[in-house]
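S.K.: When you get a sec, could you build the whole thing from the sequences and use the hints?
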Amino acid sequence: MGNEYKVQVNHLTKKFGNLLVLDDISFHVKENEFLCIVGPTGCGKTTFLNSLSKLYDITAGEILINGMPVDLKKHNVAYIFQEYSNMPWLTIRQNVEFGLRIKHRPEAEIREQTDYFLDMVGLTKFQDYYPDQLSASMLQRAAIARAFAVKPELLLMDEPYGQLDIELRFRLEDELIRLWREVGTTVIFITHNIEEAVYLSNRILVLTNKPTKIKEEIHNDLPRPRNIADPAFVELRRKVTDLIKWW
Amino acid sequence: MKKKIDVTRIIMGILAVVLFLCLWTLSTREGTTLGKLMPGPGEVFKRLLKMTHTNIGSLTIFGHMLNSLRRVLVGFFLASVCGILLGLGMGWNRKCEAILRPLFELIRPIPPLAWISLAIVWFGLGEGGKYFIIFVSGFANVTINVYSGAKAVDPEVIGAARMLGCPKHRIFTSVVLPSSIPYIFTGLQIAISSSWAAVVAAEMVRSTNGIGWMITAGQNINDMEQILAGIIVIGVVGFLLTTIMRGIEARLCAWSRV
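Protein chains in written order, with our numbering: chain R, 1 to 247; chain V, 1001 to 1258.
Treat each hint with caution, since some may be false.
Pairs of lysine to aspartate or glutamate residues, derived as DMTMM-like cross-links and limited to a Cα-Cα distance of at most 25 Å, are as follows [said to hold, decoys possible]:
1. K15(R) / E216(R)
2. K1151(V) / E83(R)
3. K1095(V) / E4(R)
4. K151(R) / E83(R)
These are calculated hints, taken from the structure and not from any lab test. Nothing here was measured: the structure is a model prediction, and the numbers come from that model.
M.R.: Written as structure tokens, this is what we have:
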């Protein structure tokens, strides 16, 4: 087993009491890949990511990053949640700095990185505001800036745009693609929105209903920038939709 | 984020106080039953002024006030330190919660005055017993608020910090502590008011000075003006203390009230 894979998930199983939620899941993610995970509502997508990020203890199996068991203090992983997880007592700038400070980066780097990513998500003007003073999309952009600022080798996203309106979602999706290409990180993105998955991903994992297994793996080689009205795009979206509907 | 001073609000507040004083004057005017039993505001304020330069017992009104204030601050300070430590400890550490919570819940409902005899046995009739009574009156309030604050930290935020590689002790200092600060202040606010209330009770236990003593002494010689003067001083000083606390809170927790 070399380090050809960024993330290796082997026989991941998670039970809550007697309830089997994740049933022996295995998959690998390559360096710099953009993997989307889709599945029906309540199929345990979030449990999946929480196990992956070690917020939950897993019942059986293993998760390796660069061939080593996940250790959040060693591995540079960032996570963007469904809910806005900014610290309300810090300004937007301090929120973006938070991860860098935790990792004891030098002051000059903290300043530089924070400036860069605040600018990239368009929040430079709002950096001294507190989260309560900003709109939902701004908060989610701040969370994205915070995640990218630590230059994560792995970025986990759990329906980050689920609560935003369509226009904002499109804009933030494009922003995410741009950041992903510039920073060159590996992304695992969970969503129930099929169009979003087809738009963003290199590869899509379709999950089954509980107990969750991987139903199918779809490679997505559509050229970028993608057009949601393109026949190939529509065809792929239909294919994924059918997979989710079918049982 | 400059706060505008709301003029109408201040005027209404002053009007309410003036109206209260008018009612007091009216209801204690010559010929009323209440007027025979208690003095009007004019007499009380005249007496208050006189107290600033003549002794009541051994001290002027300022001397009594400072003595009470010292007792309140010592007791309140001890209660705050212990309450914050215990509250954070129980809110953050499961073992600490399992061990101390039942004890705390047993002690919490006991009213401060019920401790008086024990306070005398343990700390004597001097200052120690008084500090203890004030401590007891503030301690439970601080603890319960800090505890619920440390428990109420948004799990999303803790998760985010953990994901960014935050070690456990830093989650405490960078997440739990700052997000508990508004709760800590709520606890301190309640505690400072109840400490100020308890000082009167504490000073009823054999003392020779303090506002509480002044009131008790007034009662013994049936001097209503002295009692009311003491009550007014307690009200005003209590108000000033909470205002100062609010100011500190507004500075430290700008984020929670924007």
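S.K.: Under the criterion that the straight-line Cα-Cα distance not exceed 25 Å, is the pair K15(R), E216(R) satisfied?
M.R.: holds, 22 Å
S.K.: Sort out whether E83(R) lies within 25 Å of K1151(V), counting only the CA atoms.
M.R.: holds, 19 Å
S.K.: K1095(V) and E4(R): Cα distance at most 25 Å?
M.R.: violated, 43 Å
S.K.: Would you check the hint for K151(R) and E83(R), treating anything up to 25 Å between C-alpha atoms as holding?
M.R.: holds, 21 Å
Checked against the numbered hints given earlier, the structure breaks only hint 3 and satisfies all the rest.
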